[in-house]
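Let the hints inform the model, and build the full structure from the sequences given.
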Amino acid sequence: MMTTQVPRRPWLQRWHVKPIGWTLVILILLVASSRMTGVDVGMFFNNLGQFTDLLVRMSQPAWDYLPVILHPLYETIQMAILGTTIGATFAVPFAVLAASNLVHNRWLRGIIRLMLDLVRTLPDLLLAAIFVAIFGIGSTAGVVTLAIFSFGMVSKLFYEVIETIDMGPLEALESVGANKLTIIWYAVLPQIMNQFVSYFLYTLEFNVRASTVLGYLGAGGIGVFLQRSLNEFNYSQTAVIILATLVVVMAIDGISNHLRRVLL
Amino acid sequence: MQTTISKKPATLTLWRRWNWLLWIAIVAVIYTWAITGLHFTGLQESAASVSRSIVHGLVQPDWPYVYNGSGEDLVSLILQTLAIAFLGTIISSLISVPFAFWAARGGKEWLHVRSGSGKVVLTLIRTFPEIVLAIMFIKAVGPGSYAGVLAVSIHSIGMLGKLFSEAIENMDRGADEAITSAGGNSAQIFMLATLPTIMPEFISYTLYRFEIAVRSASILGMVGAGGIGTPMIFAIQTRNWPRVGIILLGIVLMVLLIDTLSEQLRKRLI
Amino acid sequence: MDKTPIISFKNVNKVYDNGTVGLKNINFEIPQGEFLVVVGLSGAGKSTLLRTINRMHEITSGEIRVEGESIKAYKGRSLRLLRRKIGMIFQNFNLVKRSSVAKNVLSGRVSYYATWQSILGLFSATDKQKAVQALQRVSLAEKLYARADELSGGQQQRVAIARTLMQDPKIILADEPIASLDPLTTKTVMDILKRLNQEDGITVIVNLHSVALAREYADRIVGLRAGEVVYDEPIADVTEADLNRVYQTV
Ligand SMILES: Nc1ncnc2c1ncn2[C@@H]1O[C@H](COP(=O)(O)OP(=O)(O)OP(=O)(O)O)[C@@H](O)[C@H]1O
Ligand SMILES: [Mg+2]
Chain A
1 MMTTQVPRRP WLQRWHVKPI GWTLVILILL VASSRMTGVD VGMFFNNLGQ
51 FTDLLVRMSQ PAWDYLPVIL HPLYETIQMA ILGTTIGATF AVPFAVLAAS
101 NLVHNRWLRG IIRLMLDLVR TLPDLLLAAI FVAIFGIGST AGVVTLAIFS
151 FGMVSKLFYE VIETIDMGPL EALESVGANK LTIIWYAVLP QIMNQFVSYF
201 LYTLEFNVRA STVLGYLGAG GIGVFLQRSL NEFNYSQTAV IILATLVVVM
251 AIDGISNHLR RVLL
Chain B
1 MQTTISKKPA TLTLWRRWNW LLWIAIVAVI YTWAITGLHF TGLQESAASV
51 SRSIVHGLVQ PDWPYVYNGS GEDLVSLILQ TLAIAFLGTI ISSLISVPFA
101 FWAARGGKEW LHVRSGSGKV VLTLIRTFPE IVLAIMFIKA VGPGSYAGVL
151 AVSIHSIGML GKLFSEAIEN MDRGADEAIT SAGGNSAQIF MLATLPTIMP
201 EFISYTLYRF EIAVRSASIL GMVGAGGIGT PMIFAIQTRN WPRVGIILLG
251 IVLMVLLIDT LSEQLRKRLI
Chain C
1 MDKTPIISFK NVNKVYDNGT VGLKNINFEI PQGEFLVVVG LSGAGKSTLL
51 RTINRMHEIT SGEIRVEGES IKAYKGRSLR LLRRKIGMIF QNFNLVKRSS
101 VAKNVLSGRV SYYATWQSIL GLFSATDKQK AVQALQRVSL AEKLYARADE
151 LSGGQQQRVA IARTLMQDPK IILADEPIAS LDPLTTKTVM DILKRLNQED
201 GITVIVNLHS VALAREYADR IVGLRAGEVV YDEPIADVTE ADLNRVYQTV
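Residue numbers (this note's numbering), protein chains in the order written: chain A, 1 to 264; chain B, 1 to 270; chain C, 1 to 250.
The hints are simulated quantities; they were obtained by calculation from the structure and are not laboratory data.
Quick reminder that beta carbons are idealized off the backbone N, C-alpha and C, glycines included.
Nothing false has been slipped in among the hints.
Cβ-to-Cβ under 10 Å is the rule here; a few derived chain C residues that face chain B:
hint, residue
1, R51
2, N54
3, M56
4, G76
5, R77
6, R80
7, M88
8, R98
9, K103
10, V110
11, Y113
12, R163
13, T164
14, Q167
15, L173
Here it is as structure tokens:
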């Protein structure tokens, strides 16, 4: 029987350089982070009394508060619907320009993508704070925030979908000399419509969650009441708000999940 | 083109042909409700001038704030933000593992009671607003980044637990089978087959969640839970736009850097 | 010479939870050192048959004996000891793809170690040497430190065989070991199994789809159809017409 040569163990493996290296890096980062943030396990347990007191009060929801928050809850959903729609509408042309199979100009594509990347770096609450400063307290700031946020999210999802389409019908139209818009309308849109709607619904779910806290900074919806109850230490009201939000979010998730399953 | 041969009753085809009208009606009702329900009263006349000052602040940021050695400058607070996100994500990833095995659907479970309850718990955690968590933890440990770490740790379980459990559900059980047939006990199967198979995916999801945690950590400060959010909200409220400009710049750069790094690492993992 | 068969089936039936009949009244014996090939259509119950031998599947009634002992009552440690002497090879290799070949091969030896030793990877120097030898037997020693997913399908299956050798098995069960391989690597893998059978006296039971391969390697061929043994002959008596009968649809 033929025996083969046994290789020498590479020194990287012999001394476990990679696992030890990564463990060290993570340990150092952990120590540095806990110093920087002043994490102190003891402190948590010292103040446990206050924390449990809060939990106890939250576990006794003030149900009579429910009628008060129904309208702001609707407002939250309305904000999410409008914001997502505006954002998604603006996202379509940008997604087309960012798709590498439709736009062959590298520079144009690069610039558009960089812009989209930049938009996506901004957290929603930060946008809300700025738009409240611009538009004042109210749902306008909320809608604009959600529109910009959805724009960033949807445009990326959309161009990734566009890049997966079948190029056949497109080339067929190109070969008969159809113009770009015709091509997009007849060869691109039919292929991606279902996925677009699916992602739109996904973003809507996400925005309903997000919009419940935007009001915390004054951008309309249920968040305004959340902030009020927390400021007044009225935790039994906070509990009602959170529970109601939960129900709404889960209902929307359920509907949207169902629709997406039907679509795909 | 009358080539369709339908064995279905005529009413059904009629319904098939016209149900899009119903959909359009539903969508129209929803949008009418959404648009008429909102009052765009918040619009103030100063909007234009405020926007102008913001743009002005953005192009002429408060450079000296970048670093002044006080520990309250941009660089220190960005580092603190990253520390909150890092610590929170690591803690959360550890707690998420048992949650994930709880919520992962097993083969011969009766009506999926175990996994179903796990999934509900994870959804509850995910839906509980992170800032409310932060405020609750501020009660427990006082304002500052410690509360931020706790908020990120708990909130992230909702998403990480879900992603992990899906990874477990979809994982290739082949290696488990091999160790079983070699006579391994359940601890050996878990440590020698399940864990090494699933680990790269767990790490990849943890990195992805870290990217999101960096964004949350940078706004948790707005409610007093440490990091760059605190000076940010303060600067907005005092209309210190050059300060807002430099902080925005800092956040954008931080997030871009972390996203790129994490994406590179994730690519190498798979 | 001891004449008791190494494996015997007696009135074995298997019905799956959903009512599917997996095995129906199986009766036959496998003598020590045989190279047995099981053939049959897809869904005939070949995998089921194989997996009942190391109790990866439970039978509904009847009795299976391995080395003269009924395996029914085994549990915990005794079940693991049964499995240890029965190596198993799978169609999809079932390696930990992102671990090294060395780790994969060593993992075949888990049952010889205490839990804490094996999970910390504390395998003895002797066993590491044994892993190298196992790989040499499948002519893959040069891949000792490669990652499993860097190897071709045939190479991965050879690693899986080396892993099985670490158990010091008396029996090897191979469930369509070559189904995802090309003809050339198929021959390599089958040759290795044949050699283990002839040189080490390991009893080998292989599920195959290909009749040609079965005739080339088997000492004896068993045909299954719808969970029943419909054919059982030593290779000398096997004719083409017989085998066609096995592949008849019901
Ligand atoms: N876990 C299970 N639950 C229910 N029925 C099963 C299960 N596993 C297999 N079966 C059924 O038992 C029968 C025998 O399956 P088995 O996998 O043993 O066939 P096979 O001969 O190995 O087929 P193949 O060549 O496709 O691997 C099939 O009808 C199959 O559908
Ligand atoms: Mg099979």
